[in-house]
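The primary structure of each chain is shown beneath.
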Amino acid sequence: MSETMRGIEKLTEADYEFGFSTDLDTDIAPPGLTEETVRLISAKKDEPEWLLAWRLKAFLAWQEMDEPDWTKLQIAPIDYQSISYWAAPKQRPVLDSMDDVDPDIREMFDKLGIPLHEQKILSNVAVDAIVDSVSVVTTFKETLLEAGVIFCSFSEAVQDYPELIKEHLGSVVPVRDNFFAALNSAVFSDGSFCYIPEGVRCPMELSTYFRINSMNTGQFERTLIVAEDDSHVSYLEGCTAPQRDENQLHAAVVELVAKDRSEIKYSTVQNWYPGDENGVGGIYNFVTKRGRAHTDAKISWTQVETGSAITWKYPSVILQGDRSVGEFYSVALTSKHQQADTGTKMIHIGADTTSSIISKGISAAQGQNTYRGLVKILRSAENARNYTQCDSLLLGKECGAHTVPYIEVKNPTAQVEHEASTSTVGEDQLYYCRQRGMNEEDAMAMIVNGFCREVFDELPMEFAVEAQRLLSVSLEGSVG
Amino acid sequence: MLHVENLTASIGDTSILKGLNLDVGAGEIHAIMGPNGSGKSTLAHALAGRDGYEIGGTVTLDGVDLLEMVPEDRAAAGVFMGFQYPVEIPGVNNMYFLRTALNSVRRARGDEQIGASDFLKGAQDAMDLVEMNHDFLYRSVNAGFSGGEKKRNEILQMAVMQPKLAVLDETDSGLDIDALRVVAAGVNSLRGPDRSMIVITHYQRLLDYIKPDFVHVLVDGKIVKSGDHTLALHLEDHGYADFVNHDLDDAPLTGAPA
Amino acid sequence: MNQAALAFRSAALEQMASLTLPTKRDEAWRYAPHKALGQLTFGPATATDAVLGDIDSQIPHIDGPRIVIVNGVVDSAQSQLDTLPAGVKLVSLAGMPADLVESALDRQHDTIDDAFSIINRAYGEGGALLMVDGRPAETIHIVDIAVPDVSQNASASRVVIAMEAESSATVVETRIGHSDAFGGSNVRTEISLAADASLEHMILQDLPTTQIHLGRVDVMQEAGSTLRARLFNLGSDYGRVAYHVHLDGEGAHADLSGLYFGFGTQTLDQQITVVHSAKNCTSRQSYRGVLDDSSTGIWNGGVDVRPGADGTDSEQSNDNLLLSRKAEVNTMPRLEILADEVSCQHGATVGQLDDAALYYLRSRGIPNEEASRLLINGFADQMMDDLESDAIRSWITERLGHDDA
Chain A
1 MSETMRGIEK LTEADYEFGF STDLDTDIAP PGLTEETVRL ISAKKDEPEW
51 LLAWRLKAFL AWQEMDEPDW TKLQIAPIDY QSISYWAAPK QRPVLDSMDD
101 VDPDIREMFD KLGIPLHEQK ILSNVAVDAI VDSVSVVTTF KETLLEAGVI
151 FCSFSEAVQD YPELIKEHLG SVVPVRDNFF AALNSAVFSD GSFCYIPEGV
201 RCPMELSTYF RINSMNTGQF ERTLIVAEDD SHVSYLEGCT APQRDENQLH
251 AAVVELVAKD RSEIKYSTVQ NWYPGDENGV GGIYNFVTKR GRAHTDAKIS
301 WTQVETGSAI TWKYPSVILQ GDRSVGEFYS VALTSKHQQA DTGTKMIHIG
351 ADTTSSIISK GISAAQGQNT YRGLVKILRS AENARNYTQC DSLLLGKECG
401 AHTVPYIEVK NPTAQVEHEA STSTVGEDQL YYCRQRGMNE EDAMAMIVNG
451 FCREVFDELP MEFAVEAQRL LSVSLEGSVG
Chain B
1 MLHVENLTAS IGDTSILKGL NLDVGAGEIH AIMGPNGSGK STLAHALAGR
51 DGYEIGGTVT LDGVDLLEMV PEDRAAAGVF MGFQYPVEIP GVNNMYFLRT
101 ALNSVRRARG DEQIGASDFL KGAQDAMDLV EMNHDFLYRS VNAGFSGGEK
151 KRNEILQMAV MQPKLAVLDE TDSGLDIDAL RVVAAGVNSL RGPDRSMIVI
201 THYQRLLDYI KPDFVHVLVD GKIVKSGDHT LALHLEDHGY ADFVNHDLDD
251 APLTGAPA
Chain C
1 MNQAALAFRS AALEQMASLT LPTKRDEAWR YAPHKALGQL TFGPATATDA
51 VLGDIDSQIP HIDGPRIVIV NGVVDSAQSQ LDTLPAGVKL VSLAGMPADL
101 VESALDRQHD TIDDAFSIIN RAYGEGGALL MVDGRPAETI HIVDIAVPDV
151 SQNASASRVV IAMEAESSAT VVETRIGHSD AFGGSNVRTE ISLAADASLE
201 HMILQDLPTT QIHLGRVDVM QEAGSTLRAR LFNLGSDYGR VAYHVHLDGE
251 GAHADLSGLY FGFGTQTLDQ QITVVHSAKN CTSRQSYRGV LDDSSTGIWN
301 GGVDVRPGAD GTDSEQSNDN LLLSRKAEVN TMPRLEILAD EVSCQHGATV
351 GQLDDAALYY LRSRGIPNEE ASRLLINGFA DQMMDDLESD AIRSWITERL
401 GHDDA
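Note that the protein sequences, when read in sequence, are chains A, B and C.
Just so we're aligned: 300 in my numbering is position 300 of the first sequence, and the numbers increase by one with no gaps anywhere.
Just so we're aligned: 95 in my numbering is position 95 of the second sequence, and the numbers increase by one with no gaps anywhere.
Just so we're aligned: 158 in my numbering is position 158 of the third sequence, and the numbers increase by one with no gaps anywhere.
For reference, chain A alone in the conformation it holds in the complex (with noise of 0.2 Å):
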């Protein structure tokens, strides 16, 4: 074995850092889904009767629908009956202030280094912090109304703003449209909402923090923007997820409405408990994303997915109206035994709509990654782009990268670029900059991090320095 290969065998043999988790006490249902389930559910939340018939019929359309077509993926066939579809922190209903705030949540988020305190916050970022599926608290929402921004627990937007939720809800990721997005829709417990009205450009940054705590549960959350004309915002989802044996799984479902002339940029650091060296536990993210952008509208996904044992997500835009942009952004570590399946899907509907895929899959240890898209250029995209690069490194011999790209053309005035590399990190590279003082991590840390760079700079700044530094410690091992 080279010098090298067993430097990046250490790198990767890196422990997870939130494995920690918190003694809170929490009302949890027993393992199980069926109709009852799901009234059961709604009625905990107590949902109108037209949220109950939606999630009824998700419901039978779900019980249909079978567990898509894994290709790359090993899984462990999953048993829907043994999850818990409903666990929440005990102390409800939901907070405004700070100082009501159980403190053992308190901590556990101090402990994740996300602060829910607003005065102690420097950065101008307003967090919606949700524990098992449930919202635990919002802060800065004063400061978001005034501005006519609504941020809030999806259970209270159901609550406070029935028309928006039933405008909207289902609109981008109908019931059907896929086994998780149908089982999310039967049991979603909470999620975020949020409202820009017209002309408003969000005065922070918006964001949503995700951790899964109890045991045996699932986490099922779903998330819905609508920014109407002319608006903006730039929203920020993190995750977590303590250390366990068993699988856990999380299946969401985000919708993004882009209306006229409107913007939204969303960004995740997914970071959930991958599993140990030996592919024991670690989060199932099953994850349907999807942006419908009307006219000249715009709609950015940028993904850093480093955790979760196995990762299946496409963040997509629906390219409608004539002028819009959708961009993906993405980079994705597997280690470990990590399995990464994604990519995006554009679809390109209406005329001179523009997408850009820029794809940065990094392998080691024994994790195996694929890039999966389709861009799609219907009839009507008249003068529709795309450009796709999907680079792959591999850092190891027993990872695996993978490119599946499907390209569909309908329009002869269209113009789509793809374009793809696997390379590896060159031995003279790290010798270059050992040569120049660096230890072997360190120069593993920058190469890599070099690779990433066009995805890190669409991050925002708080969050580009959280993915380089997740990154590293991904890749890190006991130094020393």
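Simulated from the structure, these hints should not be mistaken for lab results.
Glycine included, every Cβ here is placed at the ideal spot set by N, Cα and C.
One thing to keep in mind: the hints can contain errors.
[As the list claims (entries may be wrong)] The following label-pair restraints were derived from C-beta to C-beta distances: (1) C:Arg325 x A:Leu56: 39 to 47 Å; (2) C:Lys35 x A:Gln389: 52 to 60 Å; (3) C:Ala7 x A:Thr34: 30 to 38 Å; (4) C:Ala356 x A:Glu277: 33 to 41 Å.
[Stated by the list, open to error] Straight-line distance between alpha carbons at most 27 Å, and here's what the computed DSSO-like set of lysine-lysine pairs gives: (5) C:Lys279 x A:Lys397; (6) A:Lys57 x A:Lys141; (7) A:Lys166 x A:Lys265; (8) A:Lys45 x A:Lys166; (9) C:Lys35 x C:Lys326; (10) A:Lys345 x A:Lys166; (11) A:Lys44 x A:Lys166; (12) C:Lys24 x A:Lys345; (13) C:Lys279 x A:Lys345.
[Stated by the list, open to error] Only some residues are given here: those of chain B computed to face chain A with a beta carbon under 10 Å: (14) Ala108; (15) Phe145; (16) Arg191.
Starting from the known structure of chain A, arrange chains B and C on it as the hints suggest.
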């Protein structure tokens, strides 16, 4: 300062350096010249600690054994190598790279870290030295650089790192006359009583600009002749034939990897 | 029938009992016209009594040995097998000598899983066996003609090419059809290249646009061998050629290229998989498509780098021109990598004629339509740049309706 005794290097069954002796005193510049495949680049890599060679003999810097050290520790001990083919590192900007390098070395030596603004000031002076546009600091390390830009970048790094021993491997290759002048001026300005240099070159041309104290001729893994700078002029006129002929049958067919 | 051949065939016939045709859910058949495929009927090869007339006007004029297969049966009268070059054996599979049967049948190719390959095994008893142990200068021509019959509208045939160590040859397979009736052909080519062998293999697919062509080429390459595979996929309502190339020996090289040019309602489908199983192999895939009218192009090109195939170097490119509002193209450059120290790249583009080039030509006085035609031909002709045979070049350019510039 640098003491090299009976240095051998081989890759598999191919022996490249076959018992090389060299002493470089503080402040001295030694030129190593030799035909292709004589082991010049291998000597540089043996000093810098590249993987892949089996090394024998002794190399000490100020009495400290270099051969036991990994490359980054040699850098911390003050060894700087100017690469014949500087490596491209996409996405990592030059300034970040260089500051990380400098602080790594400082940390190893127990010195304080240098902050971004202090570093920038020093780097800008170094850039002026090699007549480099300040934009270069923000471009990816060597990526998309021309041959001349890469070599100037090496000298820039040397100016920032302030090494005790600089080993410049074919720094003149691929340079036009203007770039050569700039690079040589940079090197000359970094001469000092505490800094030794080994300048490896195939041609005498570079030595018109960087005047060495000693010239050594390396043939087939050994220094076969040493002298002052007039030896370089002799080589310019007569080539390496005088030194190679008697030994032709033993000359390795392939040289060290670049 | 020989015992081995019988066993081989009856196994396939058994599989046929539970045959299900591919559907949209099968990746390799995702965009295929499933309804039309379901209407193909196969059966044991039988000599046709249709009068074919002059086939020379339909195929390129290549001097050298020629074997003509009609509906899976070798037509000796149309073939030229009298004076074979030294080191070349070219015989009909159906009547081959017993000692050759084994080499023709017992090949370790991919497990046969898709329905049309099973059909080919079951009914494709006729075809050509070519064995080369030398470096013949003449091009060997294998012609396959589909003649839709009353009892069965599609034919199945096989071509087996065995290249001995250090041998070298050029083989052209021309595939055409007779009459305007619905039907087609199902041709499977099995190629083996021993160490350091080199083969230039070309398929000229030009069945009538009422018919369907299903081609499959399986290649096994040993160390140091070189394959140059070219495809000119021009005819058929649905014209499909699938390559499965296995680089099993160290340092093997496969270079695949092709042109598909669709008119009317044609669907032209190329499915390429190159499997790197040994160290330091190189592969290239370079395909171009031009789609006019309501035609559809499909390019599904994959590179699989298996564990241990370190030092793999692969490149793939697929460029497409859409000439009409109703034309469409689906392209999928796939990579699957499980080895180290690999360099794999791919690129795919879809676009239309370069406006600047068009403008440049028009500014020199060339009318728009003429200028467009020049640029389209230029795009397609690049796939013929290093074609040595003038006969083949002019056959292709004639087929595409433009003079060879």
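task = Measure nothing beyond the straight line between the CA atoms of Lys24 (chain C) and Lys345 (chain A); if it is 27 Å or shorter, mark the hint as holding.
result = holds (19 Å)
message = Ala108 (chain B) was flagged as interface toward chain A. Is the shortest Cβ-Cβ separation under 10 Å?
response = It holds, given that the least Cβ distance between Ala108 (chain B) and chain A is near 7 Å, below 10 Å.
query = Holds or violated: Lys279 (chain C) with Lys345 (chain A), Cα cutoff 27 Å?
reply = violated (35 Å)
query = In this structure, is the beta-carbon distance linking Lys35 (chain C) and Gln389 (chain A) contained in 52 to 60 Å?
reply = Hint violated: Cβ distance 38 Å, outside 52 to 60 Å.
ask   = Straight-line Cα separation of Lys57 (chain A) and Lys141 (chain A) no greater than 27 Å?
value = Violated, at about 33 Å.
request  = Would you check whether Phe145 (chain B) satisfies its interface hint, that is, whether its CB is within less than 10 Å of any CB in chain A?
outcome  = Because about 13 Å separates Phe145 (chain B) from the closest Cβ in chain A, which is outside the 10 Å limit, the hint is violated.
query = Is 33 to 41 Å right for how far apart the beta carbons of Ala356 (chain C) and Glu277 (chain A) are?
reply = violated (55 Å)
ask   = Would the pair Lys345 (chain A) and Lys166 (chain A) pass a check requiring their Cα atoms to be no farther apart than 27 Å?
value = Holds. Lys345 (chain A) to Lys166 (chain A) sits at ~26 Å (cutoff 27 Å).
query = Would the pair Lys35 (chain C) and Lys326 (chain C) pass a check requiring their Cα atoms to be no farther apart than 27 Å?
reply = Within the cut-off at roughly 20 Å; holds.
ask   = Holds or violated: 30 to 38 Å for the Cβ distance of Ala7 (chain C) and Thr34 (chain A)?
value = violated (54 Å)
inquiry  = Check the hint pairing Lys44 (chain A) with Lys166 (chain A) against an upper bound of 27 Å on the C-alpha distance.
reply    = holds (19 Å)
request  = Have a go at the Arg191 (chain B) hint: is there a Cβ in chain A nearer than 10 Å to its own Cβ?
outcome  = violated (21 Å)
Of the numbered hints listed earlier, those contradicted by the structure are 2, 3, 4, 6, 13, 15 and 16.
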